[in-house]
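Asker: Here is what each chain is made of, one letter per residue.
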Amino acid sequence: MHLRFKRTLIKLLPLFVVLALMVPAPLFVDNSKAAPYVNNRSLKISSSLPSATGVSYEFSFDVPAMPTLGAIKLNVCSNSPLPEDFCAGFSGSGLSSISSFSINGASGFSIFGSPTQTEIILSRSPQPVTAGPLIITLRGVGNPTATGSYYGRLELFADQLASTTALYAGGTAIAITQPVDVSTYVPPYLYFCAAINIQGLDCTNLVDYYYDFGEFNSRLTRYGHSQFITATNAGFGYNVTYHGTTMTSGNNIIDPIPTLDTSQIGRNQFGLNLRRNTAPSVGEEPTGYGPYPTIRPNYNQPNRFMFNSGDQLVSINQPSYFTKYTVAYIVNVNSSQAPGVYSTTMLYLALANF
Amino acid sequence: MSTFVKKVRRPVLLTVALGLALGTLAVPLLLLNKVDAAQVTARSITMSSSAVSATSVNYEVSFKVAQSYTVRGVVVEFCSNSPLEGEATCTNNNGNVPTITSAANPFSNLTGASSLSGGWTGATANSAHTYKLTDSTGNAVTPADANPVMFRFTATNPSTGPGSFYARIYVYDDNSEAGNHAGADVTGTYRDFGGIALSTAEQITITTRVMETLRFCVNKTGGSTSCPGTGAPALDIGHGTPRVIDSSLVDNDTAVFGLSTNASSGATVRMRGDTLMSGSNDIDPVGAAAASITAGPSTERFGLNVSPGSGITADVNYAGANMYGFDRLVTTAANGYGDRIAYTSGPISHADSTLTFAATAALTTPAGLYQTTLDLIATGTY
Numbered sequence: 001m002h003l004r005f006k007r008t009l010i011k012l013l014p015l016f017v018v019l020a021l022m023v024p025a026p027l028f029v030d031n032s033k034a035a036p037y038v039n040n041r042s043l044k045i046s047s048s049l050p051s052a053t054g055v056s057y058e059f060s061f062d063v064p065a066m067p068t069l070g071a072i073k074l075n076v077c078s079n080s081p082l083p084e085d086f087c088a089g090f091s092g093s094g095l096s097s098i099s100s101f102s103i104n105g106a107s108g109f110s111i112f113g114s115p116t117q118t119e120i121i122l123s124r125s126p127q128p129v130t131a132g133p134l135i136i137t138l139r140g141v142g143n144p145t146a147t148g149s150y151y152g153r154l155e156l157f158a159d160q161l162a163s164t165t166a167l168y169a170g171g172t173a174i175a176i177t178q179p180v181d182v183s184t185y186v187p188p189y190l191y192f193c194a195a196i197n198i199q200g201l202d203c204t205n206l207v208d209y210y211y212d213f214g215e216f217n218s219r220l221t222r223y224g225h226s227q228f229i230t231a232t233n234a235g236f237g238y239n240v241t242y243h244g245t246t247m248t249s250g251n252n253i254i255d256p257i258p259t260l261d262t263s264q265i266g267r268n269q270f271g272l273n274l275r276r277n278t279a280p281s282v283g284e285e286p287t288g289y290g291p292y293p294t295i296r297p298n299y300n301q302p303n304r305f306m307f308n309s310g311d312q313l314v315s316i317n318q319p320s321y322f323t324k325y326t327v328a329y330i331v332n333v334n335s336s337q338a339p340g341v342y343s344t345t346m347l348y349l350a351l352a353n354f
Numbered sequence: 355m356s357t358f359v360k361k362v363r364r365p366v367l368l369t370v371a372l373g374l375a376l377g378t379l380a381v382p383l384l385l386l387n388k389v390d391a392a393q394v395t396a397r398s399i400t401m402s403s404s405a406v407s408a409t410s411v412n413y414e415v416s417f418k419v420a421q422s423y424t425v426r427g428v429v430v431e432f433c434s435n436s437p438l439e440g441e442a443t444c445t446n447n448n449g450n451v452p453t454i455t456s457a458a459n460p461f462s463n464l465t466g467a468s469s470l471s472g473g474w475t476g477a478t479a480n481s482a483h484t485y486k487l488t489d490s491t492g493n494a495v496t497p498a499d500a501n502p503v504m505f506r507f508t509a510t511n512p513s514t515g516p517g518s519f520y521a522r523i524y525v526y527d528d529n530s531e532a533g534n535h536a537g538a539d540v541t542g543t544y545r546d547f548g549g550i551a552l553s554t555a556e557q558i559t560i561t562t563r564v565m566e567t568l569r570f571c572v573n574k575t576g577g578s579t580s581c582p583g584t585g586a587p588a589l590d591i592g593h594g595t596p597r598v599i600d601s602s603l604v605d606n607d608t609a610v611f612g613l614s615t616n617a618s619s620g621a622t623v624r625m626r627g628d629t630l631m632s633g634s635n636d637i638d639p640v641g642a643a644a645a646s647i648t649a650g651p652s653t654e655r656f657g658l659n660v661s662p663g664s665g666i667t668a669d670v671n672y673a674g675a676n677m678y679g680f681d682r683l684v685t686t687a688a689n690g691y692g693d694r695i696a697y698t699s700g701p702i703s704h705a706d707s708t709l710t711f712a713a714t715a716a717l718t719t720p721a722g723l724y725q726t727t728l729d730l731i732a733t734g735t736y
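If you read the protein sequences in the order shown, they are chains A and B.
Read in order, the letters of the first sequence are residues 1 to 354 in my numbering.
Read in order, the letters of the second sequence are residues 355 to 736 in my numbering.
Honestly, the hints are just simulated from the structure, not real lab data.
Note that CB positions come from ideal geometry on N, CA and C, so glycine has one too.
Any given hint could turn out to be false.
[Claimed, not checked] Label pairs and their in silico Cβ distance ranges:
hint : chain 1 : residue 1 : chain 2 : residue 2 : range
1    : A       : Asn79     : B       : Thr465    : 40 to 50 Å
2    : B       : Asn635    : A       : Leu220    : 49 to 59 Å
3    : A       : Pro64     : B       : Ile558    : 25 to 35 Å
4    : B       : Ser619    : A       : Phe236    : 51 to 61 Å
5    : B       : Asn676    : A       : Thr287    : 30 to 40 Å
6    : B       : Asn676    : A       : Ser125    : 51 to 61 Å
7    : B       : Asn635    : A       : Asn334    : 48 to 58 Å
8    : A       : Thr287    : B       : Thr579    : 55 to 65 Å
9    : B       : Asp628    : A       : Tyr211    : 48 to 58 Å
10   : A       : Leu206    : B       : Arg597    : 26 to 36 Å
11   : A       : Asp311    : B       : Asn635    : 25 to 35 Å
12   : B       : Asn676    : A       : Phe236    : 50 to 60 Å
13   : A       : Asn317    : B       : Ala675    : 39 to 49 Å
[To be verified] Facing chain A, a subset of chain B residues (Cβ under 7 Å, in silico):
hint : residue
14   : Arg563
15   : Val564
16   : Val572
17   : Asp590
18   : His593
19   : Ala713
20   : Gly722
21   : Tyr724
22   : Thr727
Based on the provided sequences and hints, a complete structural model is requested.
Answerer: This is how it looks when you write it as C-alpha cells:
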C-alpha cells in the first residue's frame, strides 16, 4: 500500500505543479494590458474639506480621437490612482450621493446602473468621439471624512457596458485638508469729547472748558460757543443730549428760551443751537466724514435758539464717523436784570445704541 | 607463405620508412601558415548590446600580441560553431553571427588607447561576417606594450538565439596576407591568433509604476520637508488684549500650506470662502486686484497675501510685499471652485508657502466677532 501510495503521488505530481502555478496567477498585475494614459488629466473639487457634502468633482482630460466611445468609468479611491489596481474605499458617501452630472466634449451619456461610493459608469450607445478636451462634472459628491491624499481614475471603453478592455485610462490625485479658520474681533466704541474748542477731529486736541461772555448789556447780545465730537460703530447709532440750567446768579436767573425764537436784544434770553448763525454771528455747521447725524429740529434753524435741559441735540441710527458740532450760545438781558456773576455748566451726554 | 613474406618485407618496410620520412616533412609544410604563430593574450570583444538582432552595436576588439613584430593586418572572423583557429569549417550563415554594417573609423570612441594608429583601413568580407583591418605601414608592437591592440566596428547582432557565437582573430605582419584571408581554410600566413566566445542574451525588462501624487496640507506652521505641518490653521487677527482690530492698525496672522506633486503640468491652489463676517456684517474684502492695506478711519479691509515657497508662484492678485487680494465674487461663486492664489508650472518637491491674512476696521465697522472659514483646494494636472 505504501508503495502504491507513492506511485499515486508521483502520478499526481504534475497536476499539483500545474495547480500550484495557477493559484497565484490572479494575484499578479498584468501590466501588459494597461491602457495608454490620456493627457492633461485633472480632478478639480469644489471643496477640500473633510466630510463636505454637495461637492462638485470635475474630471478633465484630453480625449484622443476614438472610433467608438461607449462608456466612461470614473473612480475615487483611497489607495491608488492606477486603474489596474484594486480601488479601496473610504469613509464618506463618495460618488454614491451624486445628484447630477454633465459632460462637455461628448454627448448622450447617462448613468449606468447605480453609482457606488468609489465608482460611477457613464454610458451611451457607442459612437465616435473627436480628439479634444472632455470635462465631466459630478455634483453632489460626499468628501472623505479623513484628511489626506485620494485618487481619481478614469477609463474609456468602446462598449456601452464598460466590460471590455479599457482603451484609454488615467489617474489623478486630490487632497482633502483642513480649512483655514480666521477670526477677529471689532470692539464696540463711542468716541466722544467736548470742549470750548477742538482742533481738527481729534479728541486729544481740546482747548478750554470755560467761556466768559463778558459783561452783559441790555443793548447787546452776548454769544459764544463750545464744540463736541462724536463717532461710534454702534449698529444703531447714537444720540447726544444736553443737561444743565440757564445762567444763574444766586436766585437770579436769565430766562431760558422755552420755544424757538430769535435773539432779541433787551429781553432776558439764554438759548443755543447747532448751526452757523448770522444774528448774531456765532456757530458753525457740523464737519466730519459723515454720515452726519440729524440735528434735532429745535436746534437746527440758523438764528433761532432754544434751551430745554435734557433735549436731544443730534441722533443717527447707524454707525458714524467723526462729526464735530459747534454749539452756539446767546445771552440777552433786559435793563432790570439783577447784577451778579451768572454762570452755568452744560453737560453733554452721548448714548450709543449697539 | 614465408618466401612470399620475405619477398615483400623489404618493399613494405621501405615504403613505410619512406612514408614516415615524407610524413615528417609534411607536418612543417601543413603548419607553414602558422609556423611562428602564438595565441594573443588579454583578448576580448566588448559589445555595446547583447540583445538579439540589436542594430548599430559597437564591437570593440582588444588584445595583446604574443610576439614582437610590425602588425600590418588583423582579421576578425565570426563563426557560429567554433573559436578554434584554422579549423576547416567556420559556419557563419546569416543570422547566426553578426553582420558588420560599418567598418569605418576603427579607432573612434574606444574605451582606451590603442597601440595601433595611422592609416589603417577597415573593410568587410565574407558577406560582412569577417572584418579586416590593414595598413601597409603598420605599427610595431610587442607583448609588453602598455596599450593593447584596439579597434572597433559596428554590426547587427545575430538574429537567432540568444546564444553563443565566436570570433577568430588573426594577426598579420603582411597586409597582403591579411587581404588574402578568405576563411578558416584560407587564412594566409599570420603571426598570432586567438579565439573569443561571445553571446547574445535576453534583455532584462523592468517595469515599475509611479502613481500620481498630490500632497497638500494647511497648518499654522510649515512641515519643512513634508506634510503635514504643525498646528491647526486657526488664525486670530488683532492687537492688544483681547485681540481686536480697529482703525489705528493693520493686523495680520499667518498660516502655511505645503505642497508637493509629480503633476507634469503643475498644480493650482485655489481659495474658496467668504470674507470675515459677523452675522450680516462683513469686513470689506480688498477685491480682485492686489492692493496695499492702510489703516484709517474709513478703511475697512480684509485680504490675503501669498509668499510662495520655492517652485511655487503666487497669483498676481495675491502677490507682492504687503499686497493683498480677496476676490469675493470668485471665492463665493455658486458651483465654483474658488479663486486661484498660487500655482506651479510642473512637478515640485515639498515647499511651504506662507499665507498672510490682514484686516483693519473702520470707525464705522460694527462691533462683533468676525469669522470666516476658507477652503484651500489643490488640483494637479497630470
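Asker: Would you mind marking each hint as holding or not holding in the structure?
Answerer: Quick rundown of the hints versus the structure:
The given range of 40 to 50 Å is respected by Asn79 (chain A) and Thr465 (chain B), whose C-beta atoms sit roughly 47 Å from each other. A beta carbon spacing of about 53 Å between Asn635 (chain B) and Leu220 (chain A) agrees with the range 49 to 59 Å that was offered as a hint. Here the CB-CB span from Pro64 (chain A) to Ile558 (chain B) is close to 31 Å, well matched to the stated 25 to 35 Å. Look at Ser619 (chain B) against Phe236 (chain A): about 54 Å separates their beta carbons, and that is inside 51 to 61 Å.
Range check, Asn676 (chain B) to Thr287 (chain A): Cβ separation about 32 Å, and the 30 to 40 Å hint holds. Range check, Asn676 (chain B) to Ser125 (chain A): about 59 Å between beta-carbon atoms, so the 51 to 61 Å window is met. About 55 Å separates the C-beta atoms of Asn635 (chain B) and Asn334 (chain A), a value consistent with the hinted range of 48 to 58 Å. The hint said 55 to 65 Å for the Cβ distance between Thr287 (chain A) and Thr579 (chain B), and at roughly 59 Å that hint holds.
For the pair Asp628 (chain B) and Tyr211 (chain A), the beta carbons lie near 52 Å from each other, so the given range of 48 to 58 Å is met. A hinted range of 26 to 36 Å holds for the C-beta pair Leu206 (chain A) and Arg597 (chain B), which are about 30 Å apart. Checked against the hint of 25 to 35 Å, the pair Asp311 (chain A) and Asn635 (chain B) passes, with Cβ atoms roughly 32 Å apart. For Asn676 (chain B) and Phe236 (chain A), the Cβ-Cβ distance of about 36 Å falls outside the hinted range of 50 to 60 Å, so the restraint is violated.
Judged by the Cβ atoms, the range 39 to 49 Å given for Asn317 (chain A) and Ala675 (chain B) holds: they are separated by roughly 41 Å. With 7 Å as the threshold, the beta carbon of Arg563 (chain B) comes within range of chain A, its nearest partner Cβ sitting at about 6 Å, so the hint holds. Restraint check, Val564 (chain B) versus chain A: the minimum CB separation of about 9 Å is more than 7 Å; hint violated. Among the interface hints, the one on Val572 (chain B) holds; its C-beta lies about 5 Å from the nearest C-beta in chain A, closer than the 7 Å criterion.
For Asp590 (chain B), the interface hint holds, the least distance from its beta-carbon to any beta-carbon of chain A being 6 Å, beneath 7 Å. For His593 (chain B), the interface hint is violated, since its Cβ never comes within 7 Å of a Cβ in chain A; the closest pair sits about 10 Å apart. Proximity of Ala713 (chain B) to chain A holds as hinted, the smallest CB-CB distance being about 5 Å (cut-off 7 Å). Evaluation of the Gly722 (chain B) hint against chain A yields a held restraint, the C-beta minimum of about 6 Å falling below 7 Å.
Given hint, Tyr724 (chain B) at the interface with chain A, holds; its Cβ is 5 Å from that chain's nearest Cβ, closer than 7 Å. The beta carbon of Thr727 (chain B) comes within 5 Å of a beta carbon in chain A, closer than 7 Å, and the hint placing it at the interface holds.
This entry does not satisfy hints 12, 15, 18, going by the numbered hints stated previously.
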